[in-house]
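Asks: Chains A and B, in that order, give the protein sequences. Just remember that this note's numbering sits 364 ahead of the position in the first sequence, which is counted from 1. Just remember that this note's numbering sits 364 ahead of the position in the second sequence, which is counted from 1.
What the hints contain is simulated information worked out from the structure, not anything from laboratory work.
Identical chains share a label here; the pair holds if one copy fits it or two copies do between them.
Cross-link-like lysine to any residue pairs, in silico, SDA-like; alpha carbons within 25 Å at most:
id	residue 1	residue 2
1	K446	S504
2	K489	V447
3	K414	I441
4	K368	A409
Protein chains: 2
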Amino acid sequence: MPEKVIPDIVVGRLPIYLRALQRMLAENRHVTSSQELGERLGISAAQIRKDLSQFGEFGKQGTGYSIDYLADQIRQILNVDKVWDIAVVGAGDIGSAVARYQGFANRGLQVAMIFDNDPGKIGTKIGPFTVQDIAELEPSIKQAGIKVAMIATPSEHAQEVAEQLISAGVQAILNYAPINLAVGEHVRVQYIDPVIHLQRMTYYL
Amino acid sequence: MPEKVIPDIVVGRLPIYLRALQRMLAENRHVTSSQELGERLGISAAQIRKDLSQFGEFGKQGTGYSIDYLADQIRQILNVDKVWDIAVVGAGDIGSAVARYQGFANRGLQVAMIFDNDPGKIGTKIGPFTVQDIAELEPSIKQAGIKVAMIATPSEHAQEVAEQLISAGVQAILNYAPINLAVGEHVRVQYIDPVIHLQRMTYYL
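With the sequences and hints as input, model every part of the structure.
Replies: Given below as structure tokens:
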């Protein structure tokens with residue numbers, strides 16, 4: 365059955381809605397509205413209603429949204445009603461921080477392994493993980509069937525690492541190295557570079 | 365003189381163009397085209413030309429862009445032809461990684477101070493910085509005239525820290541805590557939450 369193609373910008377807002385809904389649940393809240401969500405997020409209520417309507421009918425006019433139900437539905441849409449294992453490449457400051465990051469809990473993702481090429485780091489512990497030799501990257505990822513990876517290597521290694529990850533079966537890469545990756549069309553890449561975010565704000569100062 | 369209001373989404377692409385141009389300069393390149401930039405970035409050449417045309421005329425039809433000139437112009441537009449000091453709040457894994465991050469060099473930003481509320485961390489060194497008591501946050505930031513900050517505290521402290529930062533004069537906040545901040549209209553906030561980026565990709569898996 366062909367599915368309607370949803371603009372990626374809409375898909376990109378769903379995790380933000382889900383995070384806010386999960387926060388409301390943690391506050392013991394059970395019903396919300398597009399107005400309230402919008403105020404929390406700085407997004408218009410109309411935008412939220414329009415985004416959600418792309419995926420179905422999640423609330424009733426006048427009674428708002430059941431937070432539990434809407435969160436469950438968004439989790440299903442985003443495929444995070446299961447837990448994805450993540451491979452982290454690079455055990456420097458950022459890779460280590462990511463491997464120990466507490467923020468993955470209950471959000472459908474968990475770090476499963478971390479690799480580095482530095483003999484001084486291989487075999488050492490980062491949180492619960494033992495740093496693996498990058499030479500084991502392809503067989504380990506293939507064997508574990510891992511589809512999601514984070515690159516936290518120096519820029520000059522990021523493209524090569526991306527190619528190894530893809531050849532091992534990875535289809536989604538979050539790249540912390542401040543460089544654009546060239547990948548095939550079947551692979552998704554997202555970027556985290558604090559300078560990009562900061563420069564977007566210095567424009568207004 | 366009233367300036368044309370540029371959509372923030374366009375402003376948000378300029379740092380990405382600048383990063384690619386700086387990379388080309390590092391490769392000893394001096395001329396590029398919107399086609400080449402677009403291929404590197406996965407953005408259409410037409411989009412790049414349209415974005416840049418909002419700010420002026422930076423290239424000549426047929427001869428392409430001088431990379432040095434275009435990079436200089438974008439630096440000026442983004443106000444990163446000078447160097448902004450950054451205050452980091454939170455000396456945990458992420459705050460420490462950010463404080464030691466090498467990727468700020470030559471991009472108009474540098475970490476200048478780091479704060480924490482943990483007596484076990486206050487006074488310790490992170491890279492070249494001594495962790496300061498968060499009680500000193502407002503006077504230190506005011507005295508230094510700092511306008512840019514990063515929050516890397518647990519979620520439950522992020523809003524309070526943001527309010528202290530703003531009261532000290534900060535106008536641009538990069539928030540690593542996975543929670544939305546409520547701030548006044550004169551303050552810019554950007555977010556880095558790896559789960560938001562990852563969930564945007566698991567949708568497609």
